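**Student:** Protein chains in written order, with the numbering used here: chain A, 4 to 352; chain B, 4 to 352.
Wrong hints could be hidden among the right ones.
Chain copies aren't distinguished; within one or between two, either way the pair holds.
[What the hints assert, rightly or not] Below, simulated BS3-like cross-link-like pairs (lysine-lysine); rule was C-alpha separation at most 30 Å, straight line:
no., residue 1, residue 2
1, LYS87, LYS320
2, LYS32, LYS159
3, LYS320, LYS159
4, LYS32, LYS66
5, LYS60, LYS38
6, LYS87, LYS60
7, LYS159, LYS66
8, LYS159, LYS205
9, LYS32, LYS205
It should be emphasised that the hints constitute simulated quantities derived from the structure, not laboratory data. Everything numeric in this text was worked out from a predicted model, so none of it was measured.
Number of protein chains: 2
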Amino acid sequence: MADFSIGVDLGGTNLRIATVSTDGQLLEKVTLGTKTALGPNHVISEMCDAIRQLSEKYQKEGKFLGAGVGIPGIVDLNTGMLRKSANLSGFEEYPVRTEIERRLGIQKNGARVVLENDANVAALGEQWLGAARGVPNMAVVTLGTGIGGGIVLGGKIWHGMNGMAGEYGHVTLEPEGVPCGCGNRGCAERYASASAILRMAKEAIAAGEAPALAKAASSDPEFGAQSIYNLAMRGDEPSRRIFRTFGRYLGIMLAGIVNVLNLDMYVLGGGVSPAWDAFAPTMFDELRARSLVYAATAPDNALMADSRKEAAALVQKESITARKTIITRALLGSDAGLYGAARVAVLSS
Amino acid sequence: MADFSIGVDLGGTNLRIATVSTDGQLLEKVTLGTKTALGPNHVISEMCDAIRQLSEKYQKEGKFLGAGVGIPGIVDLNTGMLRKSANLSGFEEYPVRTEIERRLGIQKNGARVVLENDANVAALGEQWLGAARGVPNMAVVTLGTGIGGGIVLGGKIWHGMNGMAGEYGHVTLEPEGVPCGCGNRGCAERYASASAILRMAKEAIAAGEAPALAKAASSDPEFGAQSIYNLAMRGDEPSRRIFRTFGRYLGIMLAGIVNVLNLDMYVLGGGVSPAWDAFAPTMFDELRARSLVYAATAPDNALMADSRKEAAALVQKESITARKTIITRALLGSDAGLYGAARVAVLSS
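Produce the entire structure from the sequences given, and follow the hints as far as they go.
**Tutor:** Shown next as structure tokens:
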């Protein structure tokens, strides 16, 4: 018997809703498609139906404390509205939090609805139950199509002045580098993301330097970062080189963050993070060379253990007791956001 | 009648000790030379004599709450020892805090001695009484021979895991750039510090591109960043170009910090900060182009007012009420560290 909250991951493709007890058990998870084409009213109705069903189902187990909703975009924490979102068109002018509260009649029973950026809840999830369990100050770097980021300080999400903190993806790494959609040149996510991997592969193919990549690109309709990783793992040198470059720039980015923030732990998540073996060596090389803070606090072992659970236990110990700077992989995968969203509802209640 | 604490600025050249009331009045300031050649015992004795005299003199006015000591170097907050200092040789193995407490008999009367990094106390000083008065989350960037940094979150110094936070000076801006003493290449302080200005001037002179600089360098025995600034203000184009480059790299560095931290205010202090007019235009250009967080939150006016006090009042208002990201100049000069050191003793008592 434990009280519980509900975590929601409102993505551009999937809408996932989970009941999570306050002691961190995922009791039930529902996955729906996000029918953005039908508009925010429809999506929020489906979400609220699921929240209501789950909260009623588990109310005999404990008290329903509230719902946290992770959303890809910039959330206005005061109004509970989305200020900007690339993946949820039509939501920008929609009063998301108010509508959820209204449909659930939630203000009456004391529970709370909290809207939060998806990278922030993923960070909180990893801090609560994942790779950084028990580590008070940490950051998550999400390596996906772009680079997302969340920072947790003292066990709470660091929002910055207006919820925009953690924009690592647009830190300049090469002042005269590759143009970015944000208007800048040389942003981190032009070098250390899935789309950067694809760009580098296309460039290598165009230069005639990568026959295996060229073959895969022309024969595989789903050619992408995963295919390039597979080739790298099979020893294809041009593919390996791409991941080394990825690691190099990720290391430069992390070195800067480590120098500025001096956190206990940096957790790498997102779709590219399983390619750890291919990019981690150059990443650690750059960290040691470019961050005097990292060099002074690096753990003795490289922490590249195969067993993620074992590594996590080790790094938590190193971080907490030995004051070492730990760079490691996320543990919870896409559930990090669900756990974190559920957690944020409890923390703010 | 107000209680008071004592702030100490223990620099490599000067040892300054000030009595500061809890309401922010600097009651008295003593400046001594730091006789590092005579060893830490001697320096700490002189410091303690001055602290004792000042605390006794003002004890009729209010209660002596403690002393804060700002030191250039990495301070171990647990032991109160210096872990590393470039300017105070011989202090690394010396139990600074314990020795001060012992000499002042300070544990008996309930007052406290706090050791703190000098850039951190400067940040706290500007946040308490300077450019960022009333602004909870801010950072100071000290533009001197190198680049120092301090971060204040929620009105308190952000130390990071082991006191090393705020090392902006060694953030990589050019991956293949100018070698730095830290072992890295392309560190910020190789491009946006007094020594960087001098390096660029020497390079321009060696290339035969800067006749006025060459003349000044050969005739002025104290040729340095100040002389180059004077030439820039008199319209010398090679000198102006150096400050534009300085501003460009400072802007790139700040853009990264703004993207990651999303603070309310960034305060530029240190010996080069009075050259604001020469470097601020390119700095703001880069900030707007390279930080989507800054672009979304930049104030309408450029905030380059001549009157520092007026500008400070304006920026505080903008930062606090309009949620604008403010980049501005420090107000307190070298006294920031004294105020902050006095403050840190009160905050931790």
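**Student:** As a check of your reading, is LYS32 near LYS159 (CA-CA no more than 30 Å) within one copy, between copies, both or neither?
**Tutor:** within (24 Å within a copy, 40 Å between copies)
**Student:** Using 30 Å as the alpha-carbon threshold, which applies to LYS159 and LYS205: within, between, both, or neither?
**Tutor:** neither (41 Å within a copy, 48 Å between copies)
**Student:** Using 30 Å as the alpha carbon limit, work out where LYS32 and LYS205 are close: within a copy, between copies, both or neither.
**Tutor:** Neither: 39 Å inside a chain and 65 Å across chains, both beyond 30 Å.
**Student:** Tell me, please, which holds for LYS87 and LYS60 at an alpha-carbon limit of 30 Å: within, between, both or neither?
**Tutor:** neither (34 Å within a copy, 59 Å between copies)
**Student:** Is it within, between, both, or neither for LYS87 and LYS320, if the alpha carbons may be no more than 30 Å apart?
**Tutor:** between (39 Å within a copy, 26 Å between copies)
**Student:** Check LYS60 against LYS38 for me: Cα-Cα at most 30 Å, and say if that holds within a copy, between copies, both or neither.
**Tutor:** Classified as within; 25 Å inside a copy, 74 Å across copies.
**Student:** Checking an output row: LYS159 and LYS66, CA cutoff 30 Å. Within, between, both or neither?
**Tutor:** For LYS159 and LYS66, the Cα distance is within 30 Å only inside one copy (23 Å; across copies 36 Å).
**Student:** With identical chains treated as interchangeable, where does the CA-CA distance between LYS32 and LYS66 reach 30 Å or less: within a copy, between copies, both, or neither?
**Tutor:** Result: close within a single copy only, 18 Å intra versus 60 Å inter.
**Student:** Check LYS320 against LYS159 for me: Cα-Cα at most 30 Å, and say if that holds within a copy, between copies, both or neither.
**Tutor:** both (20 Å within a copy, 27 Å between copies)
Hints 6, 8, 9 from the earlier list are contradicted by this structure; the remaining hints agree with it.
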